[in-house]
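Number of protein chains: 2
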Amino acid sequence: MGALNDEHFNVELDNGLNLNLVEEQEQVVISNISNAVNTLLAGLGEDSNREGLIKTPLRVAKALREGTRGYRQKVKDIVQGALFPEAGLDGDSGHAGGAGGLVVVRDLDLFSYCESCLLPFRVKCHVGYVPSGQRVVGLSKLSRVADVFARRLQDPQRLADEVCSSLYNGIRPAGVGVVLQCWHIEFPQVDCTCHEQINHPTVMDMQGWLKVSVCAGAGVFEKETGDVWGDFLALLKFRGVKLDKLRNGSSSSQRWCPSRSLDLLAINGHTNNWNPLSYKTSITAEPAPASMITAVATILLSLGENPSRKELVGTPRRFVQWLMNFKSSNLEMNLNGFGAEATCQIKSRKQMNKDGVRLRSDRVEFRSELNLPFWSQCEHHLLPFHGVVHIGYFRTEGIEPIGRAILQSIVHFHGWKLQVQERLTRQIVETVSSVFGGDVMAVVEANHICMISRGIEKVGSSTATIATLGRFSTDPSAKELFLQTVSDSTACGG
Amino acid sequence: MGALNDEHFNVELDNGLNLNLVEEQEQVVISNISNAVNTLLAGLGEDSNREGLIKTPLRVAKALREGTRGYRQKVKDIVQGALFPEAGLDGDSGHAGGAGGLVVVRDLDLFSYCESCLLPFRVKCHVGYVPSGQRVVGLSKLSRVADVFARRLQDPQRLADEVCSSLYNGIRPAGVGVVLQCWHIEFPQVDCTCHEQINHPTVMDMQGWLKVSVCAGAGVFEKETGDVWGDFLALLKFRGVKLDKLRNGSSSSQRWCPSRSLDLLAINGHTNNWNPLSYKTSITAEPAPASMITAVATILLSLGENPSRKELVGTPRRFVQWLMNFKSSNLEMNLNGFGAEATCQIKSRKQMNKDGVRLRSDRVEFRSELNLPFWSQCEHHLLPFHGVVHIGYFRTEGIEPIGRAILQSIVHFHGWKLQVQERLTRQIVETVSSVFGGDVMAVVEANHICMISRGIEKVGSSTATIATLGRFSTDPSAKELFLQTVSDSTACGG
Numbered sequence: 001m002g003a004l005n006d007e008h009f010n011v012e013l014d015n016g017l018n019l020n021l022v023e024e025q026e027q028v029v030i031s032n033i034s035n036a037v038n039t040l041l042a043g044l045g046e047d048s049n050r051e052g053l054i055k056t057p058l059r060v061a062k063a064l065r066e067g068t069r070g071y072r073q074k075v076k077d078i079v080q081g082a083l084f085p086e087a088g089l090d091g092d093s094g095h096a097g098g099a100g101g102l103v104v105v106r107d108l109d110l111f112s113y114c115e116s117c118l119l120p121f122r123v124k125c126h127v128g129y130v131p132s133g134q135r136v137v138g139l140s141k142l143s144r145v146a147d148v149f150a151r152r153l154q155d156p157q158r159l160a161d162e163v164c165s166s167l168y169n170g171i172r173p174a175g176v177g178v179v180l181q182c183w184h185i186e187f188p189q190v191d192c193t194c195h196e197q198i199n200h201p202t203v204m205d206m207q208g209w210l211k212v213s214v215c216a217g218a219g220v221f222e223k224e225t226g227d228v229w230g231d232f233l234a235l236l237k238f239r240g241v242k243l244d245k246l247r248n249g250s251s252s253s254q255r256w257c258p259s260r261s262l263d264l265l266a267i268n269g270h271t272n273n274w275n276p277l278s279y280k281t282s283i284t285a286e287p288a289p290a291s292m293i294t295a296v297a298t299i300l301l302s303l304g305e306n307p308s309r310k311e312l313v314g315t316p317r318r319f320v321q322w323l324m325n326f327k328s329s330n331l332e333m334n335l336n337g338f339g340a341e342a343t344c345q346i347k348s349r350k351q352m353n354k355d356g357v358r359l360r361s362d363r364v365e366f367r368s369e370l371n372l373p374f375w376s377q378c379e380h381h382l383l384p385f386h387g388v389v390h391i392g393y394f395r396t397e398g399i400e401p402i403g404r405a406i407l408q409s410i411v412h413f414h415g416w417k418l419q420v421q422e423r424l425t426r427q428i429v430e431t432v433s434s435v436f437g438g439d440v441m442a443v444v445e446a447n448h449i450c451m452i453s454r455g456i457e458k459v460g461s462s463t464a465t466i467a468t469l470g471r472f473s474t475d476p477s478a479k480e481l482f483l484q485t486v487s488d489s490t491a492c493g494g
Numbered sequence: 001m002g003a004l005n006d007e008h009f010n011v012e013l014d015n016g017l018n019l020n021l022v023e024e025q026e027q028v029v030i031s032n033i034s035n036a037v038n039t040l041l042a043g044l045g046e047d048s049n050r051e052g053l054i055k056t057p058l059r060v061a062k063a064l065r066e067g068t069r070g071y072r073q074k075v076k077d078i079v080q081g082a083l084f085p086e087a088g089l090d091g092d093s094g095h096a097g098g099a100g101g102l103v104v105v106r107d108l109d110l111f112s113y114c115e116s117c118l119l120p121f122r123v124k125c126h127v128g129y130v131p132s133g134q135r136v137v138g139l140s141k142l143s144r145v146a147d148v149f150a151r152r153l154q155d156p157q158r159l160a161d162e163v164c165s166s167l168y169n170g171i172r173p174a175g176v177g178v179v180l181q182c183w184h185i186e187f188p189q190v191d192c193t194c195h196e197q198i199n200h201p202t203v204m205d206m207q208g209w210l211k212v213s214v215c216a217g218a219g220v221f222e223k224e225t226g227d228v229w230g231d232f233l234a235l236l237k238f239r240g241v242k243l244d245k246l247r248n249g250s251s252s253s254q255r256w257c258p259s260r261s262l263d264l265l266a267i268n269g270h271t272n273n274w275n276p277l278s279y280k281t282s283i284t285a286e287p288a289p290a291s292m293i294t295a296v297a298t299i300l301l302s303l304g305e306n307p308s309r310k311e312l313v314g315t316p317r318r319f320v321q322w323l324m325n326f327k328s329s330n331l332e333m334n335l336n337g338f339g340a341e342a343t344c345q346i347k348s349r350k351q352m353n354k355d356g357v358r359l360r361s362d363r364v365e366f367r368s369e370l371n372l373p374f375w376s377q378c379e380h381h382l383l384p385f386h387g388v389v390h391i392g393y394f395r396t397e398g399i400e401p402i403g404r405a406i407l408q409s410i411v412h413f414h415g416w417k418l419q420v421q422e423r424l425t426r427q428i429v430e431t432v433s434s435v436f437g438g439d440v441m442a443v444v445e446a447n448h449i450c451m452i453s454r455g456i457e458k459v460g461s462s463t464a465t466i467a468t469l470g471r472f473s474t475d476p477s478a479k480e481l482f483l484q485t486v487s488d489s490t491a492c493g494g
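If you read the protein sequences in the order shown, they are chains A and B.
Numbering of the first sequence is given in full-length UniProt numbering, commencing with residue 1 and proceeding in unit increments.
Numbering of the second sequence is given in full-length UniProt numbering, commencing with residue 1 and proceeding in unit increments.
Accuracy of the hints is not assured; some may be wrong.
One copy or any two copies: either way a pair holds, since identical chains are not told apart in the list.
Stated by the list, open to error - SDA-like cross-link-like pairs, simulated, lysine to any residue; straight-line CA separation at most 25 Å:
| id | residue 1 | residue 2 |
| --- | --- | --- |
| 1 | 223 | 487 |
| 2 | 237 | 481 |
| 3 | 211 | 291 |
| 4 | 327 | 286 |
| 5 | 76 | 124 |
| 6 | 74 | 54 |
| 7 | 55 | 303 |
| 8 | 237 | 487 |
| 9 | 237 | 478 |
| 10 | 55 | 86 |
| 11 | 242 | 42 |
| 12 | 211 | 431 |
| 13 | 124 | 58 |
| 14 | 223 | 481 |
| 15 | 55 | 172 |
| 16 | 55 | 87 |
| 17 | 223 | 134 |
| 18 | 223 | 478 |
| 19 | 310 | 27 |
| 20 | 76 | 161 |
| 21 | 242 | 222 |
Read the hints as simulated data drawn from the structure, not as lab findings.
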């Protein structure tokens with residue numbers, strides 16, 4: 001137990017009378033960010049007075065301040081008082097606790113913000129250090145120091161470098177090594193055929209995420225081929241951490257953010273907007289409004305960043321472009337667009353029904369389409385949630401099953417807007433039911449970025465929602481059949 | 001992003017001028033707990049002025065206050081303002097988002113304190129609820145509400161019941177179901193033969209922990225065999241959560257704490273103290289001093305608990321008994337005790353060396369003993385850390401290898417005291433080397449309870465330390481050979 005609130009504690013004592021002043025300044029910052037978020041909502045054509053959104057600007061402002069509190073923290077304050085004298089053997093006979101006494105803390109779950117697009121990314125941080133000067137640091141401080149730098153706008157390599165050098169300077173050990181595994185939410189690709197590529201994505205095993213591993217070393221860890229790196233990586237391997245591509249100091253991690261590859265497309269004359277439905281239909285790429293871009297630059301400034309810093313120059317535009325995908329009207333237009341195939345099917349179904357082709361209504365067959373990927377944006381936190389949708393329905397014999405592409409389009413249609421998962425689930429079954437009739441059930445499984453960032457930080461958590469219509473509501477065995485189908489698919493896909 | 005600090009924020013605004021007064025009262029509480037911790041350290045025969053311990057009382061006090069902040073939190077404050085209107089279908093056609101619209105949040109990592117022995121235990125919390133009244137609750141609030149009750153002294157079943165009923169009353173949904181998987185640190189059994197039972201314990205897969213799963217339901221979840229429970233459990237199964245033994249309302253979870261079974265032993269006339277070395281030698285069971293028991297009762301009172309509450313009556317005594325295992329002098333005495341076999345080996349080795357049996361010094365063989373379990377108590381936080389030790393050494397041909405039981409005793413000897421992992425690792429190689437001579441290497445892999453509780457809450461994290469002596473320090477291939485051996489063992493044992 002313990003050192004938990006040391007810093008907080010000290011700050012409170014030190015500040016004394018200044019507390020109210022600091023609080024006042026913080027209110028101004030929160031208010032500035034809230035106003036900027038209001039501008040963003042307006043730019044998306046949203047009514048910021050509707051109930052789901054009314055507190056969103058304040059929520060986003062507070063969470064951003066908390067999520068980037070690293071700008072206001074000092075490593076010195078954290079490490080101070082957590083260095084403990086510890087005898088070591090530095091004699092001829094060996095180095096237990098001395099130069100050979102590697103200490104490794106593995107699997108520290110953190111999150112950070114991508115400086116290229118402003119979306120949070122997940123970090124699994126592994127720190128190794130070799131004590132010297134006969135002192136060790138409290139283990140939890142390795143986590144706290146890493147957190148200081150994670151809670152800023154970052155690039156994986158810089159994050160690794162900063163954690164490494166600050167620990168090296170703060171603890172003054174024989175050496176420090178840092179390995180980060182980072183996951184960035186993946187965007188649907190232009191000409192995306194995600195629904196074919198991803199056969200059995202399971203939310204937990206990080207499909208739908210781009211991964212990059214980086215490392216940094218100082219002191220005895222400086223040489224990447226050194227002996228001590230071998231020990232460090234061996235200890236990581238014990239915990240199942242396998243590092244295929246380890247990058248050190250390479251500039252390539254700069255381009256890990258998927259928004260960067262879209263920059264290139266823009267340069268090459270392609271669309272400069274993400275196109276969620278592009279494999280079915282084209283949407284008008286809406287330009288990012290200047291007012292929104294300015295609003296995001298204001299937010300960067302309020303967080304204590306310099307929007308002119310070279311890595312941040314394109315960030316407001318990229319973030320706004322990401323947001324513009326969730327402009328409701330964009331998608332409304334496109335519902336018509338995706339209809340080419342659907343309309344055909346609807347017509348033929350309606351015709352069949354009219355013609356009484358439904359000869360024997362009990363001759364129905366259970367059908368399902370599983371693992372349809374989706375992306376959406378949480379309207380409470382303006383953060384993505386994404387995952388897969390499973391849809392089950394009953395097909396009357398003689399009628400064509402609903403095409404997977406159509407179901408995928410319906411999923412995208414309801415996903416690409418400011419949403420909540422419960423509503424998304426309901427809207428999907430309602431749409432499928434209203435177009436194709438009858439008995440529909442959907443399970444939506446999602447990772448919410450708002451659950452891994454924001455102080456909640458429930459990294460492993462995931463959310464599932466169920467909606468049922470018709471027979472799936474009244475007949476438990478129908479529901480069970482569908483859930484079993486999903487379960488079987490998950491088992492074989494894992 | 002968002003609602004993160006809503007409560008904190010509001011409290012700050014509401015309190016206004018009372019802030020200093022509250023701060024003053026808090027200082028008194030912290031000071032009371034610190035004094036009690038000082039009494040505990042004195043009872044353990046420790047010098048609370050030695051550098052490793054000097055800040056321990058304050059650390060423990062602050063962490064305990066933070067870890068039990070649930071006593072000072074109100075569910076109403078958390079849920080208020082996080083209920084969002086959401087249309088549902090409650091018509092004849094089905095219940096999307098209505099009574100059939102199950103919402104499940106899985107794998108929320110929490111920790112709580114065992115009311116039987118005061119040690120923290122890990123919780124994986126799964127919450128399902130069926131919205132009604134056309135409103136849903138922000139997903140993160142399910143986590144926050146669960147956390148309020150986790151951060152108190154708890155028993156798994158009561159925790160499940162309290163989370164369930166408070167969500168049911170706070171959200172007023174059609175029903176709430178709660179499933180908890182709880183892990184309690186395991187104590188070595190009297191007449192323990194752990195080193196034989198546990199073949200390949202890996203730190204991460206929760207060996208060395210006792211597990212219990214409990215559930216609670218309200219509204220449509222009240223009947224345990226109901227339809228909606230089937231859906232909930234199916235969604236948990238998607239994420240690999242398999243529940244073999246689910247308890248509901250049974251009193252059996254009361255007895256999950258291993259300290260409880262020792263109560264029974266005491267009643268039956270057996271030792272009432274845990275005996276870490278009992279399979280080798282007997283130790284004098286030291287009675288728990290009354291001053292220490294009173295100190296723990298004072299802590300309970302300071303946290304806002306009633307030490308006379310029936311479930312807490314025996315807790316101070318049990319906690320002190322656990323602590324007494326880490327009384328340094330206890331163990332010093334017993335080093336002689338465990339020597340029966342060791343002394344014999346040492347004699348024969350020394351004799352061999354004297355007689356020049358070491359015919360050809362280059363004829364040595366690499367030997368290792370892996371996965372020796374250990375328990376220890378972090379001296380910075382007064383919280384357990386435990387895991388496994390791997391020891392490698394070179395055996396001169398013709399000399400008997402070191403018995404596993406002896407290495408296990410050395411590990412226990414250095415484990416059962418107030419420790420830090422770095423020192424433990426060094427002391428193990430030093431002892432093995434001084435008794436048996438030469439080239440020794442140890443890897444200690446541990447879970448630190450202080451890393452999963454205390455606001456750090458890095459649940460998946462684990463710590464590994466290496467110490468090397470002799471050839472393992474100078475010959476990289478020797479070290480590599482050992483690490484590869486451990487790696488192979490981990491792979492086959494998983």
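Hints versus structure:
1. 223 x 487: Between copies only: 24 Å across chains, 48 Å inside a chain, cut-off 25 Å.
2. 237 x 481: between (40 Å within a copy, 15 Å between copies)
3. 211 x 291: neither (33 Å within a copy, 55 Å between copies)
4. 327 x 286: within (10 Å within a copy, 70 Å between copies)
5. 76 x 124: within (23 Å within a copy, 34 Å between copies)
6. 74 x 54: between (35 Å within a copy, 24 Å between copies)
7. 55 x 303: Cα proximity of residue 55 and residue 303: one copy only (20 Å, versus 34 Å across).
8. 237 x 487: between (30 Å within a copy, 7 Å between copies)
9. 237 x 478: between (45 Å within a copy, 18 Å between copies)
10. 55 x 86: For residue 55 and residue 86, the Cα distance is within 25 Å only across copies (16 Å; inside one copy 51 Å).
11. 242 x 42: The answer is neither: 45 Å in one copy and 46 Å across copies each exceed 25 Å.
12. 211 x 431: neither (35 Å within a copy, 44 Å between copies)
13. 124 x 58: The answer is neither: 29 Å in one copy and 30 Å across copies each exceed 25 Å.
14. 223 x 481: between (57 Å within a copy, 22 Å between copies)
15. 55 x 172: Close across copies (22 Å), not inside one copy (46 Å); limit 25 Å.
16. 55 x 87: between (55 Å within a copy, 19 Å between copies)
17. 223 x 134: within (23 Å within a copy, 61 Å between copies)
18. 223 x 478: Cα proximity of residue 223 and residue 478: across copies only (21 Å, versus 61 Å in one copy).
19. 310 x 27: neither (29 Å within a copy, 47 Å between copies)
20. 76 x 161: For residue 76 and residue 161, the Cα distance is within 25 Å only inside one copy (17 Å; across copies 44 Å).
21. 242 x 222: The answer is within: 21 Å in one copy meets 25 Å, while 45 Å across copies does not.
Hint compliance for this structure: hints 3, 11, 12, 13 and 19 are broken, all remaining hints hold.
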